[in-house]
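Based on the sequences and whatever the hints tell you, model everything.
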Amino acid sequence: MENGHHNGASETAGKPIICKAAVCRSGGQPLVIENIEVAPPKEWEVRIKILCTSLCHTDLTFWKMESGPFAAYPRIFGHEAVGIVESVGEHVEEVKEGDTLVPVFFANCGECRDCKSTKSNICTKFVEKHYNAMPRDAAGRFKDMKGEPIHHFLFVSSFTEYTVVDVAHVVKIPPLMPLDKACLLSCGVSTGLGAVWNVAQVEEGSTVAVFGLGAVGLAVVQAAKLRGASKIIGLDLNPEKEDVGRKLGVTDFIDPTGLGNKKISEAIKELTDGGADYCFECIGLTSVMQDAFESSREGWGRTVILGVEGQGNPLSLNCREMMRGKGVVGSLFGGVKPKSDIPSFVQKYLNKVTV
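full-length UniProt numbering applies: residue 1 is where the sequence shown begins, and numbers increase by one.
Mimicking BS3-like on lysine-lysine, the simulated pairs with C-alpha atoms at most 30 Å apart in a straight line are:
(1) 15 with 143
(2) 339 with 20
(3) 181 with 20
(4) 20 with 49
(5) 96 with 125
Treat the hints as calculated values from the structure; they're not laboratory data. Please read all numbers here as calculations on a predicted model, not as lab measurements.
Set out below in structure tokens:
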């Protein structure tokens, strides 16, 4: 394949595209549908026609920010999506016009030491410092109709008809995958699946406790069920989460507000004969991380932290409990290497394979 645009490239290849996008002009303000201009892809970049996008809680977290280094406006939010390639820039060889792909906030260059290692999924070539722009040149590809720049979000910006994404942030998938399912693999669902399959490596017959039944927590539940966990305890302050949790695999539900004077760890130890084999923290609060650790079994209990604690607060753990065999591990994007693991998840879905 030649560098640059492919033969039979679309009429818009190499030209700016005028399209509609949901633009946020300031923190916490409603998104407004506007016409914007999307520049052609530069070297190592892909311009994507977005077919379906979903809302992640991280979008809401950043949307609420009115000041600070990550509060950049105007901005196009959205980072869970699926689309087709409209055109590619020079040096792009792994996708071509018309391919179906998932853009991902998490880079996977395939060249750095970490990408080549089986021990890490954190790409060190693309350090996540340009949340508001493209990763290679720290510039944007969006303008409004007055010619003013519009900031990117998490290297994706999917609340628009067209976007430009670095090739390190795209994953080609089979076109047979339903769009409303494919877009979820960009972030939350992959995070939950990977935490169970890649990080914890939950075994058949294990006991599992899931703290927080949002999208990530429910993905953990499904993954644990597929692994054959014998007991899956779901914890959430919202009692309405019990029904959806049980439909996806929760065997026991705990609303911590209904425990009275009983500690969460005591309730879980009663249900699991001494503590859960695996605890997954899917909220991002240090207090919940401590509860999860205390709820894990002595000897081999593992607490996996998926929730993002944005303030960098310290986590206090009982050293005596750690000495008795308990462990804690952080899990960024579920240990998922996007370019290899996401196609595998898609294939499992298409084949209805149990893990």
